[in-house]
Amino acid sequence: MTAAHWPLPTMTAIKAISEPPRVALPTPPATAHPCSRSLLSVTSLAVEDVSAILGLATELEDQEPAARAQRLAHRRVALLFYESSTRTRTSFELAAKGLGADTALISSQSSSIEKGESLKDTGITLRALGAECIILRHLSSGAPYLLAQATGLPVLNAGDGMHEHPSQALLDVRTMLRALGRPETAPGETLLQGITVAITGDILHSRVARSNALLLPRLGARVLLCGPPALLPDVALELGPGIAIERDFDRALKQAQIVMMLRIQKERLTGVHIDLEEYTTRYQLHSERLRTSAPQAIVMHPGPMIRGLEITSDVADGPQSVIAEQVRNGVAIRMALIHRALVSEPGKTAPKAGPAKKLTVRKSPAAGKGSGA
Amino acid sequence: MNAILIRGGHLVDPSAGIDASRDLLLKDGRVAAVEPPGKLTAAAKQADAEIIEAGGLVVAPGLVDIHVHLREPGQGYKETIATGTAAAAAGGFTTVCAMPNTVPVNDSVETTRWMQSAERNPSARVFPIAAATRGSMGEALTEYGSLKAAGAVAVTDDGKPILGEAIMHQALAAAARAGLPVIQHAEDTRMTGGCSMNAGALAFRLGLRGMPVAAEAGLVERDLRLLAELKGGRAHLHVAHLSTAAALDAVRKARRNGLHVTCEVAPHHFVLTEAAVGEYNTNAKMNPPLRAESDRRAMLEGLLDGSIDCIATDHAPHAVHEKEQEFERAPNGITGLESALGLALDVLHRKHKVSLSRLMTLLSTQPANLLNLRGRGSLSVGAFADVVLFDPKAEWTFRASATRSKSSNTPFDGWPMLGKVRLTISEGRVTYRAD
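So the sequences go chain by chain: A and B. Each residue of the first sequence is one higher than the last, beginning at 1 in the numbering used here. Each residue of the second sequence is one higher than the last, beginning at 1001 in the numbering used here.
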């Protein structure tokens, strides 16, 4: 916890946080989300929630900075990062600070995590220090669920293993709408109607691909997944409706208004051998290919990019690229997510649970039995 | 006291083909008499027997679980032989066979004897299953003859499957000479590194690496090929906790070809599917993992058509702090001794019309026969006085917090169960009595 550096609380702040946190953990509820203001997966967002987040992001972005900094003045947000990150960590931190919140950054190096402290205990410690929301980046899929359950706090998933990166998918939606010149205020399920998004590269190991493939079709888009079988198994089709596999990159490009490139995640390639020369030939987005197959398409990349591998510099820096826009939009979206986590909407006593219900079979006999006997 | 008369109950003893009202007299740790109702009154009086009224209850041979992890020696914080067998007794089990993945691994006569000592204070008879190779390292065979003489009833490297073809061949041949079965946890671990659930659409969506069906089926097929090469000998391969339709098909085919191969299935594999993993529920994480619905149905079919020999729980206790971890880090395994009968009665008996006699075959008679546990799994005169009395119609809710195990890592907390154990007697001693 050495890296915690929020300012000393004033007396009122101490008073405000003296009531919770409880020492005893609340008993885990039957459903898995202890706090529905968490964002663990895009599947827990109703389409209306997406619209609301987009609207709030714009509202916060447009607000005068001094007034905006009153929104969450002295509220406490912890950034718990078990994996390195540039974009996500910085933009979450800037987002929290932009709303006036105090932030503490805890990374797995330089904290008691190095001494073997568990995720649960780290979460309880942060809660005891007054954290009201935890933003978690973790190398293990599903870790945010454990943290949310252990702390009862709203948890924002800033990327968990190969599972999801929901804030990235939301900032991607904002970037797409702006690049396409489409209104954010259209009914949620039509936001991206008629748009084909080609997501290309290492789908298997990509949490960005999963979050986008799960979210975009619900907003009306068609998702084309593109890559070699070793990085894109056929089972990816079963993520949900509105998803197709197109192994020929040029054919995918010809159908796409948006092309999203992904890095090969070397750190997660266990036992998979990729012939990089062949991969580059088949799947690299370079200017000639772009000119031939998708001269109008918008080019995206969640970063980090490996220039010269999945994408060439002229494309990444070219006129069709909105890669820097994605990063910029990250701050607005993350302001909205932090705000949503800490402030309950007026007139809404219990936030909606969204359509993730079908996932919540934990300890529920009825649900479990529905699948069988 | 050394005599007990159980009267007025409905006796189900598949070993003797009895499924009728019978009174049962137990004396000096053995079954002394089985007679129609009322015929044993005089004999009971003479023996000064305690009388247990079993009206409305099923009286059956004590259940036999040939696959449990009792964690002793070495991991007493998860379970001890005393607590594990107390859970067994509460679940109606009178005999359990303890896997060798203890600390140290049970690959010795000393540990095998230690586990059976009365000082462990067991509430059920414990038969150790010894390691098939030293330290379960898959390199050098253990001493099968002396392990058998010390009480081991089979050999296995459970959890650390024997991948080497030559060593597996040697193990099957040496075990055949010693008259022991070789039990294989069928998982080609070269295909499952870093995997934490069943391979498929759900694993993909959850971003977890999946164990393919082929990792199980492939190793079963390999072992069956080795068994076929030894044909003519007395080699007996037993496949532990079968979980896939493909592996079951391989076992079926081999049996048709006359090979001596048997198999078991765990309750969770015929009750649950991978969907129970839900949002990373570590109490639904075990190895082999929960599989697809088609595999679950195949397990049910195998139990119904007789190609699966018995039910075994793979009772695998773990401490709370071990399961409250990231899904990929949490250890494999769930407890199972206290939920097995309630699930089997609910799912197999009530929903799939498996007769009580057939159910007792799967839970008692056949597992005892498989590992040559003489005098177990039967209520014939002279057999051990291992008896379970249960109310086959009682509906109840399983509570993990009420467990007698030291651990409560179960996905069945809050589940409805059918059939409540009222009394368990192990070798003539009451080991569990419901309140």
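These are computed hints drawn from the structure, not numbers from a lab. Among these hints, one or two may not hold up.
Listed next, the in silico SDA-like pairs over lysine to any residue satisfying Cα-Cα at most 20 Å (straight line) [what the hints assert, rightly or not]: (1) A:K120 <-> B:R1374; (2) B:K1323 <-> A:S118; (3) B:K1323 <-> A:G116; (4) A:K120 <-> B:V1320; (5) A:K120 <-> B:A1319; (6) B:K1027 <-> B:A1319; (7) A:K97 <-> A:E64; (8) A:K97 <-> A:L139; (9) A:K120 <-> B:R1297; (10) B:K1420 <-> B:S1357; (11) A:K120 <-> B:P1331; (12) A:K266 <-> B:G1194; (13) B:K1253 <-> B:A1319; (14) B:K1323 <-> B:Q1075; (15) B:K1323 <-> A:G152; (16) A:K266 <-> A:G116; (17) B:K1323 <-> A:E61; (18) A:K115 <-> B:Q1325.
Taking 20 Å as the top limit, are the C-alpha atoms of K266 (chain A) and G1194 (chain B) close enough? holds, 15 Å
If you draw a straight line from the CA of K1323 (chain B) to the CA of G152 (chain A), is it 20 Å or shorter? holds, 18 Å
CA of K1323 (chain B) to CA of Q1075 (chain B), is that 20 Å or under? This hinted pair holds, its Cα atoms lying about 15 Å apart.
Check the hint pairing K120 (chain A) with R1374 (chain B) against an upper bound of 20 Å on the C-alpha distance. violated, 49 Å
For K1253 (chain B) and A1319 (chain B), compute the direct alpha-carbon distance and say whether it is at most 20 Å. Not OK: K1253 (chain B) and A1319 (chain B) at ~40 Å, beyond 20 Å, violated.
Can the restraint linking K115 (chain A) and Q1325 (chain B) be considered satisfied, given a maximum Cα separation of 20 Å? Roughly 16 Å between the alpha carbons, so the hint for K115 (chain A) and Q1325 (chain B) holds.
Could you grab the alpha-carbon distance between K120 (chain A) and R1297 (chain B) and see if it respects the 20 Å cut-off? Violated, at roughly 37 Å.
Keeping to a limit of 20 Å between CA atoms, is the pair of K97 (chain A) and E64 (chain A) held or broken? holds, 14 Å
Are K1420 (chain B) and S1357 (chain B) close enough, with their CA atoms no more than 20 Å apart? holds, 17 Å
Would the hint linking K97 (chain A) and L139 (chain A) be met if the CA-CA limit is 20 Å? violated, 25 Å
Between K1323 (chain B) and S118 (chain A), does the CA-CA distance stay at or below 20 Å? Distance of about 11 Å is within 20 Å: holds.
Pair hint K120 (chain A) and V1320 (chain B), alpha-carbon separation not exceeding 20 Å: holds, 12 Å
Hints 1, 6, 8, 9, 13, 16, 17, counting from the list given before, are not met by this structure.
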